[in-house]
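**Student:** Construct the entire structure; sequences and hints are all you get.
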Amino acid sequence: MSTYKEWAGSLYRTRAEMLDAIAEAWATACGHASPAETRRNFDEATDAELAAEAIAGWGLDQPRGRRFSLDDERPSHMVEHEYTAADLAEAFARLRARLGRPDTEAD
Numbered sequence: 531m532s533t534y535k536e537w538a539g540s541l542y543r544t545r546a547e548m549l550d551a552i553a554e555a556w557a558t559a560c561g562h563a564s565p566a567e568t569r570r571n572f573d574e575a576t577d578a579e580l581a582a583e584a585i586a587g588w589g590l591d592q593p594r595g596r597r598f599s600l601d602d603e604r605p606s607h608m609v610e611h612e613y614t615a616a617d618l619a620e621a622f623a624r625l626r627a628r629l630g631r632p633d634t635e636a637d
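Numbering-wise, the sequence shown is residues 531 to 637 according to the working numbering.
You may find that some hints are simply not true.
Unchecked claim - Cβ-Cβ distance ranges computed for the label pairs, FRET-style:
| no. | residue 1 | residue 2 | range |
| --- | --- | --- | --- |
| 1 | P593 | R569 | 19 to 29 Å |
| 2 | E612 | A555 | 34 to 44 Å |
| 3 | E603 | P565 | 37 to 47 Å |
| 4 | C560 | E610 | 19 to 29 Å |
Just so you know, these hints were derived from the structure itself, not from any lab.
All residues carry an ideal CB built from backbone N, CA and C; glycine is no exception.
**Tutor:** Following this line, the structure appears as structure tokens:
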């Protein structure tokens, strides 16, 4: 069994590297968002809210269909790669810090 983590067809050495890639992909719309749009994403949501949006938007917490047979349903990305919403929120916090955006207070 591989110890590498996978996201969107790319392999990562660590869970943190993979989560950072997920956070960056969500915040930048996979590179399609302008810098202003990316900044606005961080200005309008907390790290936990961004993580929840990414999880729901990409179904990271949902089983991923069948791998080898009709009886072999794959676990969710989160289960398979052993992370939580809080772990993904930490990745958004790291990205926020790299971009120099202040943390948004939850109401």
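**Student:** If a hint holds in the structure, say so; if it doesn't, say that too.
**Tutor:** Cross-check of the supplied hints:
1. P593 with R569: 19 to 29 Å: violated (35 Å)
2. E612 with A555: 34 to 44 Å: violated (19 Å)
3. E603 with P565: 37 to 47 Å: With Cβ atoms ~40 Å apart, the hint holds.
4. C560 with E610: 19 to 29 Å: holds (21 Å)
In terms of the numbered hints stated before, the structure departs from hints 1 and 2, listed from lowest to highest.
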